[in-house]
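Student: Starting from the given sequences, assemble the full structure and let the hints guide the process.
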Amino acid sequence: MRIVTVVLLSISLFCTFQHSHGYNILGICPSASYSHQQSFQALMKALAFRGHKVTVLSTIPLKNAPPNYEDVDLSFSYIKKDCTGLRHVGAYAIFHQNLVEANLLCRHQLFSPAVDKLIASNKTFDAIIIEQLWYQCYYALVKHYNFPVLIGFLSVGNLPYVMDSVGNPDDPNFNPDMTYPFTDRMTINERIMNILYTTYTRLYYRYWHLLKAQRIANERTSGTSVYNIDKNFSLVILGNNHVFGYPKPLLPHVIEVHTCHTFQVSLNEIFINIIFQDVQEFLDNAQDGAIYFSLGSNLQTDQLPAGPLTALCNALGSLKQRVLWKHAGNMAIHATNIKFVKWVPQQAVLGHPKVVAYMMQGGLQSLQEAVHYAVPVVAIPFFGDQYFNARKILDAGIGLTLDIDTITENAIVQTLTEIVKNKTYLNNIKTMSAIVQDELMKPIDRAVWHVEHVLKFPNSRHLRYHGQDMSWIHYYATYLYLGTDFALLLYISYILYNKIVSPFVTYASNLKRWISNLKRKLD
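All residue numbers for the sequence shown refer to full-length UniProt numbering, where the first residue is 1 and numbers rise by one.
Worth flagging that the hints you see were computed from the coordinates, not collected in a lab. Positions of the beta carbon are idealized from the N, C-alpha and C atoms, including for glycine. Any given hint might turn out to be false.
Unchecked claim - Straight-line distance between alpha carbons at most 16 Å, and here's what the computed EDC-like set of lysine to aspartate or glutamate pairs gives:
#1 423 x 452
#2 339 x 284
#3 354 x 405
#4 320 x 409
#5 339 x 302
#6 143 x 219
#7 80 x 302
#8 248 x 171
#9 143 x 126
#10 117 x 171
#11 53 x 71
#12 423 x 288
To be verified - Ranges of calculated distance between the beta carbons of each label pair, as one might list FRET restraints:
#13 285 x 190: 41 to 49 Å
#14 473 x 222: 29 to 37 Å
#15 122 x 397: 22 to 30 Å
Tutor: If you want it as structure tokens, here you go:
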């Protein structure tokens, strides 16, 4: 798969672009997550194929790196966790936990021998591309390398504070946060929840997280101001598309480049290694079609509670379709229509003509691949943006969802039967796939072009939004609202005085005069 990927990327990029000046680019992707690394590495490989020299800090170094591509091995910090329990943790608690753990991971990596060796090599870089999630302590390297062009990359859609880093408008009254399963047509209660949560995350990020990151960064490189660096991104690359979410306004230097990691290749091209021949035969001989079941790289089905796992095994075993199940554990007894695999080239499986449905966890990259290959989905979300993506699946009519805590054997069978027999889901996802692929320029090519553009014109003043340099008082025109409110208050006071107070004063004055006249007459 890696060889085919390299060849396809190389042909695509060299056919699309002319030769350009080679730059030295440092990529920083600290996440201990395969899906995050996959998208980031796709961009870095594309830049290497363009002739740029890239150095990448990664927790999953490439086994067969292309020319001009050098890894800084951070795999020592990759620790797999059981994430199935996160479904019982609230959004605020998960957000706090993520930022705390991110700073710990960032410190662990930043002061490692691998980073020490990189710094000791005395390399220079024209640009730094950083995973713009929660690893701001790495801004120490931005200062160390004398503030090269700074580019952010985000593989999970967009986050409010990422939008803030370039001054991109992101109104929580209209744009649902990916933490909640909301659409762009939020109810009043959903709007309130969305506004409260995004406001909290912005404040927490600004006044707690960056403060912690500042301390760590200064230990590595004294004089680092993470606050200033956080507001000086020349480009932000979002590994998403409005088709997978909802339309929103984006500035010229905020671009969407979905499915950078997908490549249209056949199963025969991928299954070169003999260990996958049995998988190909299993799918080829699926007379009634096949269902692919995988919970991604951060979740494993062997971590599921016994009840749901038994229900899944019994339900999938009762289907007439064959089931290819990504399962890391051992299953002593299972139906003959089920084949367990510890790993399989997912895109090759989804691209197989016999695959009629895909059971997944709702991860963004998995959803993008399902849409790319037009395979209807059944989502079983557990945490994070998986709930948002699952809601999008329902909203777009490309699949259905199940709740792991209430899942039953009957519900699984009914859901999969509906997905396979009702061609509405297939037709909808085919349309969605066609929309996503109907572009003037391939997403990966667009990403490379924008990176090269901001490197050619490092000042990037033609892209910088003026609102980015305004204080919040001026940005939100607070003085105007306060002035308007004050003027309105004066006007209301004037009306009240004329309609209520003045007549009452006049009446009281007249009454006093009448009483005075009456007393004189009586005297």
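Student: Taken at face value, is the distance from the CA of residue 288 to the CA of residue 423 at most 16 Å?
Tutor: holds (15 Å)
Student: Please work out if residue 423 and residue 452 have their alpha carbons no farther apart than 16 Å.
Tutor: violated (43 Å)
Student: For the pair we were handed, residue 117 and residue 171, check the Cα-Cα distance against 16 Å.
Tutor: violated (43 Å)
Student: Is 29 to 37 Å a correct range for the gap between the Cβ atoms of residue 473 and residue 222?
Tutor: About 32 Å separates the Cβ atoms of residue 473 and residue 222, which means 29 to 37 Å holds.
Student: Take the C-alpha atoms of residue 320 and residue 409, compute the straight-line distance between them, and say whether it is at most 16 Å.
Tutor: holds (15 Å)
Student: Starting from residue 53, check that the Cα of residue 71 is at most 16 Å away, please.
Tutor: holds (11 Å)
Student: Within 16 Å, alpha carbon to alpha carbon, are residue 354 and residue 405?
Tutor: violated (30 Å)
Student: Given the proposed pairing of residue 339 with residue 302, does the C-alpha separation stay at or below 16 Å?
Tutor: holds (15 Å)
Student: Is it true that the C-beta distance of residue 285 to residue 190 lies inside 41 to 49 Å, as the hint says?
Tutor: holds (47 Å)
Student: For the pair supplied as a hint, residue 143 and residue 219, confirm whether the alpha-carbon distance does not exceed 16 Å.
Tutor: holds (12 Å)
Student: Between the beta carbons of residue 122 and residue 397, is the distance compatible with 22 to 30 Å?
Tutor: violated (56 Å)
Student: Between the alpha carbons of residue 143 and residue 126, is the straight-line distance 16 Å or under?
Tutor: With Cα atoms ~13 Å apart, residue 143 and residue 126 stay inside 16 Å; holds.
Taken one by one, the earlier hints fail for this structure at numbers 1, 3, 10, 15, listed in ascending order.
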